[in-house]
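Q: Sequence:
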Amino acid sequence: MSVNQQAHTGPPYGQPQPGYQGYQQPAYGGQPLPGEQYGAYNGPMPGYQQPGPPQGYFPSLGFPSKGSPVSINSDTSSLPPNFIGSLRAPPTTGAPPPASGAYNQFGHGDVQNGIPTSAAPVQRPPASQPFLPRSAPSQQYGPPPASVQQLTNHMAGMTIVSTTASAPPPAGLGYGPPTSAPPVSETFSAPYTPYTASPGPPPTTVFQGPPLAQPPFPAQPMSMQRPPTQVPGFAPPPPSTGLGPSPYPPPAGAPRPPPMPGPPLPGQSLAGPSASQPNHVSSPPPPSPMAGPHPGPPMGGLHGPPPPTHPPQPGYQIQQNGSFEQVRGPQPNYPGAYPGAPNYGSQPGAPPPPKRLDPDSIPSPIQVIEDDRNNRGSEPFVTGVRGQVPPLVTTNFLVKDQGNASPRYIRCTSYNIPCTSDMAKQSQVPLAAVIKPLATLPPEENLPYLVDHGESGPVRCNRCKAYMCPFMQFIEGGRRFQCCFCSCVTEVPPQYFQHLDHTGKRVDFYDRPELSLGSYEFLATVDYCKNNKFPSPPAFIFMIDVSYNAVKSGLVRLICEELKSLLDYLPREGNMEESAIRVGFVTYNKVLHFYNVKSSLAQPQMMVVSDVADMFVPLLDGFLVNVNESRTVITSLLDQIPEMFADTRETETVFAPVIQAGLEALKAAECAGKLFIFHTSLPIAEAPGKLKNRDDKKLINTDKEKTLFQPQTSFYNNLAKDCVAQGCCVDLFLFPNQYLDVATLGVVPYQTGGSIYKYAYFQLETDQDRFLNDLRRDVQKEVGFDAVMRVRTSTGIRATDFFGAFYMSNTTDVEMAGLDCDKTITVEFKHDDKLSEDSGALLQCALLYTSCAGQRRLRIHNLSLNCCTQLADLYRNCETDTLINYLAKYAYRGVLSSPVKAVRDALISQCAQILACYRKNCASPSSAGQLILPECMKLLPVYLNCVLKSDVLQPGPEVTTDDRAYIRQLVTSMDVAETNVFFYPRLLPLTKADVDSDSLPAAIRNSEERLCKGDIYLLENGLNIFVWVGVNVQQGLLQNLFGVSSFNQISNALNALPVLENPFSRKVRSIVDMLQVQRSRYMKLIIVKQEDKLEMLFKHFLVEDKSLNGGASYVDFLCHMHKEIRQLLS
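Counting in the working numbering, the sequence shown runs from 321 upward without gaps.
Any given hint might turn out to be false.
Okay, derived cross-link-like pairs now, SDA-like style, lysine to any residue, Cα gap no bigger than 20 Å in a straight line [stated by the list, open to error]:
no.	residue 1	residue 2
1	1010	971
2	1024	969
3	1012	814
4	1026	1213
5	1333	1368
6	884	960
7	987	1174
8	1010	813
9	910	969
10	850	1041
11	785	767
12	1240	746
13	1024	1014
14	1413	1278
15	1409	1385
16	785	814
17	1010	884
18	785	1132
Just so you know, the hints here were simulated from the structure itself, not pulled from any lab data.
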């Protein structure tokens, strides 16, 4: 079939074949993952005066919500849906405005694609960066409504125009924007001139800049203002913003704000680093209380514009107010003024005090997430059409595979890519795909079918070796096929021949997964195996540190007790009675102890290897055994280990010899496998790979800071290479009480495709549950061993760069000793020729791996993208969440070779260029005082700021060097849903939860001003869950949740909520359990009392606020980005 043809929808293939067990991904049930948490930027720029808008300011003019792009002047209504409104006056109470010197650290910088790798702003070759999405085929653009009217609101000192006039929706109405023409862009404005609707993707405009000369108007005209008396929790859209759903598909990967209320996704998995101690939470630096108004009580229900009458389009609807909360009228519990607003300079000629942007008038992640859920959560996402942008990762949706891989397997930064490299360079939008080859699917979706072609193996193109897929074109009556990747014609093998129907399709099209589905598996033949022989089933080796620290803390006993039961849950294939995986045990301190647990022995035997300089395995028979056959010997060993080392005084440990021992054991057994290493301290004992303590905080913000992220010796890189060659994957569990050099110890786990878990200052009573949950999931999850992945592309683009936990010995093959269901590989593409709009672009990801039963398989994922010659099509089909995932990984790799400041500057510069290119080429001409953002990218500034404020790029004084190295490695293999909630955490008002429903309370924005002293909130970022208790919470609530009668009696030491028999306690515990299931790591629960010392840690995650270590607030950063864009345009 031709590439642009829609794949036929075929009947289901029946149940997955026996023997093929899908990858269950516990945390990723098709549901979207919660939003990402973002990091910091630096304060307002000196000299960036923002004249305040005139006084009259309409809070109710919010931004368009996702469904429809709005342009401020889009000629159809009286209020611009996206209009940001004038700046608000600074609060009369609250923190003083932040100093304005902060922005200067953002140098304008060269235009760069991505982060430079050297201290100087290095330019990345722009050639392939830009990623221009084109509109998805399914979008329609409705004509603008007839009532076209532009309103320059002099009273407010700004112009506002919204796309469609429509009657105000009923107050309690909730979701999509009212029907009418799709607005094109969002404009936030401080006072400004009208801006007309732009033809391109809908921009969001933020107006800032001196207002036109207009008399200041002290009071807002009532007609524009929403009555403050609304029911708290409901904010109907402003009356005049009637925008129709937007025609543009929402970005697939747009960074998402914290997931909204709504039942958590059952299967989602987010893996984030686990923070070990409350005082360090690895994640973005703590924002300081945000300078922004209190938006009003947390909402009880989210409401946005009323539902569109025509089918929701993929694009974003206009956002009301940028947030769901009520408009700013007097609100209970919220100080009216706005603490800490930076003062942007007063308005020309206006006596009133300076005002600032209203945080409710700038794009809200919460609103965008909610709109996408409402517009796209109910219908299945059918993958038959080329270049469709999927729903956001925070939306819970079902996928029907009809020829393109599910977004659970592949998400792209853009689904419509530029036809030429020049266009790509011009836009600076990176062209990348985040691939999760073994992603777990929700139970309602079919696992990839396993196809067995017998001894002949899968059918492939003769020239480029691409695998048979739905885009291959059969010719000459079905006797030959033309490759969709390289156009080479190949003979169809006789046993694979089939006649064609009248449309040119094979008559067995629906019977063959590889012809009708986007994802499927082939059984590999012996030609795909090492040394031309089929592999043996893999082995798991448990290697336990028995030095003084590990024994004294109770860790050794805990591990041994847990392993007795955990060994019954090793992964197994489909219907197998028992797992084929064999197990072995090693303990170590300065020397290694191997154990013979052969089933014929009455007691286990221990063999000590003290010559760690020349490691060997002292026994072959009896080291790796079947669990059921040797159960009594294994149980006896696990009972004896804690007793044997109970009185140890040995404090020193080795590390590299432990990995070498595991590697040698797997080599001797001629199988792949995984080492589970439990380690407590810096390996300073004399041995290969010995390390010294090189921790030095004085290097922060110097050119030598990059050395803190680099391994201190190349020894581990060479060891990792040997491990990958054997298929020896390493998972490392760290329990440090001081510096451990994660940057060096993590090299082998990272390059072998393994995982690192870190529990600083491990204490049994507080950390036991988290560690055991992580260990259980790590042992049980689906893993492919000895894996090689290659990404093929159609002519015109090629894969040029890769990010993730793997090793590469050449430029095309990604090699992983192990690849589990949580790991992603991010691939960047560049142009090497022109693309055509007709044929589009194709990518095929092929993963060759050994299953846990020892079966060699190929998993294939195919995806077709559109190509465009217009920049507007690119910007209309971007996915901000995926873009942020790529930019964070690019930046986190950049710190290995460039000063952190250069990396930050490059990020800001690249994003400014992306937005400036849109403004220049796609938006309607308008005043320079307006900030216009593409509808699909209106969250780019808030999410980018979160990345900039993260601990890796802008650490606070409390963040350790090990924490930064740990987070850097963790983020590098995160999927889009995980980075979304990691950078922009999910914040839920627990007191607003409905105890009788299964749903989550509506999320609120990450800012201190959204918190009320009388409420309790939960914040999660994939690594930690904070429960923040306000100082004025009612006694009854405290009694129900904590079992205490007063605020002062709540204990900070709680690491789990008490089990109390009342509806509120049950509801809150069920919410916590629901969130834990969605994440790939067990999150640490931390109770935070308002005004307590732990509150500083909690505020670190309120990412829309200014952070203590210099990160800018969202409002300030938006102003800074606007300044950068204006400089580029001038």
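Q: Can you name, in rising order, the numbers of the hints this structure does not satisfy?
A: 2, 3, 8, 11 and 17
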